[in-house]
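A.B. asks: The listed protein sequences derive, respectively, from chains A and B.
When the letters of the first sequence are read in order and numbered with the numbering used here, they come out as residues 10 to 480.
When the letters of the second sequence are read in order and numbered with the numbering used here, they come out as residues 823 to 1118.
FYI, nobody ran anything at the bench for these hints, they're computed from the structure.
Treat the numbers as computed from the prediction; the structure is a model and nothing was measured.
One or more of the hints may lead you astray.
[Claimed, not checked] Pairs of lysine to aspartate or glutamate residues, derived as DMTMM-like cross-links and limited to a Cα-Cα distance of at most 20 Å, are as follows:
hint, chain 1, residue 1, chain 2, residue 2
1, A, 477, B, 881
2, A, 477, B, 877
3, B, 884, A, 469
[Claimed, not checked] Here are some of the chain A residues that sit facing chain B, going by a computed Cβ distance under 8 Å:
hint, residue
4, 132
5, 148
6, 153
7, 302
8, 448
9, 453
10, 455
11, 459
[What the hints assert, rightly or not] Quick list of simulated restraints, FRET-style, between CB atoms:
hint, chain 1, residue 1, chain 2, residue 2, range
12, B, 1110, A, 268, 54 to 60 Å
13, A, 225, B, 923, 56 to 62 Å
14, A, 428, B, 850, 51 to 57 Å
15, A, 270, B, 957, 50 to 56 Å
16, A, 465, B, 1102, 32 to 38 Å
Don't be surprised by glycine CBs; every beta carbon is placed ideally from N, CA and C.
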Amino acid sequence: MKRGLLKFLCLMVVLALAFGAVGCSGQQDKAQNDTQDKEVGSQPSNSGNDSQKGSDEEKKDEKIKITFHHQVLRKNVGKDGQSTAHFAAYDKFLEENPNIEIEEEAVHHDTYHTKIQTLSAANELPDVFMVKGSWFSNFHKNGLISPIDDLMDANPEWKNGFKKGSLDASIIDGKVYGAPQQMAVTHIIFYNEDILKECGIDEFPKTMKEFEDAVVRIREKGYIPFTMGNKGKWLAESCYLSALGDRYTGTEWMMDIINRTGKARFTDPEFVSALEEMQKLAKMGAFNSDLNSLDNDQQRSLYYNKEAAMFVEGVWAISRTVADAPEDVLKATKLTVFPAVEGGKGDPNTTSGGSGWFFSVNSNIQPGAKRDAIGKLLEAITGDYFAKLFIENNGFPAYTPKEYDESKLADLTKQAHELFSTLKYTPIYDARLDASVIEVMNSGLQELLIDAISPQELAERIQAEYEKAGE
Amino acid sequence: MTNRLLRPKKSMFVAFLLPGLLLYSFIVAVPIFNAIRFSFYQWSGGPKKTFIGLENFIDLFKDEIFWLAFRNNVIITALCVLGQIGVAFILSSLLVSRFLKFKEFHRTVTFFPVILAPVVVGFVWTLIYNNRAGLLNWALRAMNMEGLIRPWLDDPGIILYTISVPLIWQYIGFYMIILMSAFMSIPKEIFEVAEIDGATGIRKAVYITLPLIRDTLFVTIMLCISGNMKIFDHIYAMTRGGPGNSSIVMAMYAYRNSFEMYKLGYGNAISIGILVLSLALILVTRKVMGGRSVED
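Use the sequences and the hints to build the structure in full.
C.D. replies: This is the structure we're talking about:
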């Protein structure tokens, strides 16, 4: 009897634990309200009691309330360029528009992800919110966002100020769905000129052949040619393949993939060659052996220690390098991009670039005073004034400011601006493709780089997921 | 119940059970039924859901990565049952024996990792396994065993073993405490009689201790299986399922599908898959272990 009871209890405990695991997946509807730093950016209210009249003119004096969720934190003002510029522009906007009241909620990047997903599942999204490039097709399919062409057309100067390519990820069926703050370039080769000279490479290779020779020479001297930290899985795809792939396939191929015209497949020989090149580099010893267990911050420390000659990362690494690298390394650091590929269809003077995050407007905002106010808000936090402050804080705005003070920029930032002025931008894979396709590509690249899978096999896997996602 | 006067009314029983039941149904039962419901939909996280019947489950059945994840779960579970409970058994035997000194200290030290957060353990072991600065490779170098040095978390051939070590290490203390309490409940006289009959350490363990703590052992094995079928945090902190998919487990695959690939419907289907497979595994183990206990 006693034993039977014990058995029953065991089973109950076990069941409870087993069920616990399943419970995890069903909790999207549990809002994560605990970790926000909520702030209400309202102006001292002075709206009088004389708003009884209902005519259109008087409506202007009424307060317009806008709910606004984003992931730029006020506590980072002074620490990172985007926050500093964002809040300077935002506070100025509030001051100039006392009739607009904004209910603002800013949460940390990782939490924001969950929060927006929770709100979208419950269909309770705020009026204005930040959207990641790869979310657009999903949000558009679910009818959650509205195009902002009307707002942009109302202010042509603002619309035309955006850099070429910066809005691309937010365009669906020819309509713009969001306004970005930052123009992210994901592929930049940071190289240590001194180490390259020591290995007998006086000038950065101009062709892939020379590039491979250089890798071998650097390896022979005992340096790691490229330090790579691909634990997060996105680095090999976002920073390497986005640019290298384009060298082989050309941008047109990628646009066919993005627009699902049916003309391009991941199993096309051009794309497979790009994967082959990645694997070839790995087999040549271009990367460190623990590339899948370091993250992108750790990859840079090998470069700082002069153990590695080069690393590849995006614009965000520039300010980090300026802050963290020893002086001699920083001085020797030069920036460039992948060389030309013989027979490749892509333009060698390109790098993968575009905007990652956008401010979008809820689909339930109808034309009217509120929508106009939102237009003004978007202009304020992405337009000229913001861009000027952002660029002066070593940032890379999506909007070209009319003028800015160049003396405020770090040397490496200036170098980057010079480099970018000679380059055109091609799509960043993970900003433009479906999240599920990217996930398969990312995991597959990890295997590709340790020779656990063939390029052809990976291409087929990506294509299969791509077809599934398009259904 | 002999005394009917002292027995509370039925309504009292219900009233006292109600808070617990309500809590349980909200945090366990409701989400499970929701998961079952959502698993029949194609759902990308927005307000639009499309009913697709059993399609998610058909996909799941054909999904190689899911079965790979299940295989990984089973291997990790097997390693952990052996490692955690095996080592815990040896340690608790030592701790109740007369030969060991500083028992309090040993018990505390062995139990200490249990209270650490899994993510912390994952990060600590990531550092230990680090190729360049890691403690493990440093120790190997110091012992002149350079041939063994490798990037421990980068080799798909050994990754399941490398990630099992922290799992085993962390929970030995937990099972040790359970087993120790079972050991203590065995009457001392039995051991004394056995010693007079000439039984030594290992004989005592096999012929006396093991049969007498069978029920407790059964509980620990069940706990170990159910705990390992849902592991997530350690592996997320150490490898994120990588390199590639070589260290992926079912819970991580469900997470990845739901929150990285936005296939929430499919993610729910995977969760249901985990539920069914875990239950099956537990029932099978129960059958196997229960079958033996009928004999006596």
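A.B. asks: Hints first: check each against the structure and report whether it holds.
C.D. replies: Against the structure, the hints:
Restraint check: the Cα-Cα separation between residue 477 of chain A and residue 881 of chain B comes to about 11 Å, which is no more than 20 Å; the hinted pair holds. Between residue 477 of chain A and residue 877 of chain B the alpha-carbon distance is near 13 Å, which keeps this suggested pair within the 20 Å criterion. Simply put, residue 884 of chain B and residue 469 of chain A have alpha-carbon atoms about 17 Å apart, close enough for the 20 Å limit, and the pair holds. Evaluation of the residue 132 of chain A hint against chain B yields a held restraint, the C-beta minimum of about 4 Å falling below 8 Å.
With its C-beta approaching chain B no nearer than about 7 Å, residue 148 of chain A sits inside the 8 Å limit, and its interface hint holds. Hint on residue 153 of chain A holds. Least Cβ distance to chain B is approximately 6 Å, under the 8 Å limit. Proximity of residue 302 of chain A to chain B holds as hinted, the smallest CB-CB distance being about 4 Å (cut-off 8 Å). For residue 448 of chain A, the suggested interface contact is upheld, since its CB lies about 5 Å from the closest CB of chain B, less than 8 Å.
For residue 453 of chain A, the interface hint holds, since its Cβ comes within 8 Å of a Cβ in chain B; the closest pair sits about 7 Å apart. For residue 455 of chain A, the suggested interface contact is upheld, since its CB lies about 4 Å from the closest CB of chain B, less than 8 Å. Given the 8 Å rule on beta carbons, the hint for residue 459 of chain A holds: about 6 Å separates it from the nearest Cβ of chain B. A beta carbon spacing of about 56 Å between residue 1110 of chain B and residue 268 of chain A agrees with the range 54 to 60 Å that was offered as a hint.
Taken as a hint, the range 56 to 62 Å holds for the pair residue 225 of chain A and residue 923 of chain B, whose Cβ atoms sit roughly 60 Å apart. A hinted range of 51 to 57 Å holds for the C-beta pair residue 428 of chain A and residue 850 of chain B, which are about 56 Å apart. Under the hint 50 to 56 Å, the C-beta atoms of residue 270 of chain A and residue 957 of chain B, about 53 Å apart, fit the expected range. The supplied range of 32 to 38 Å is met by residue 465 of chain A and residue 1102 of chain B, whose beta-carbon atoms lie about 37 Å from each other.
Checked against the numbered hints given earlier, this structure breaks none of them.
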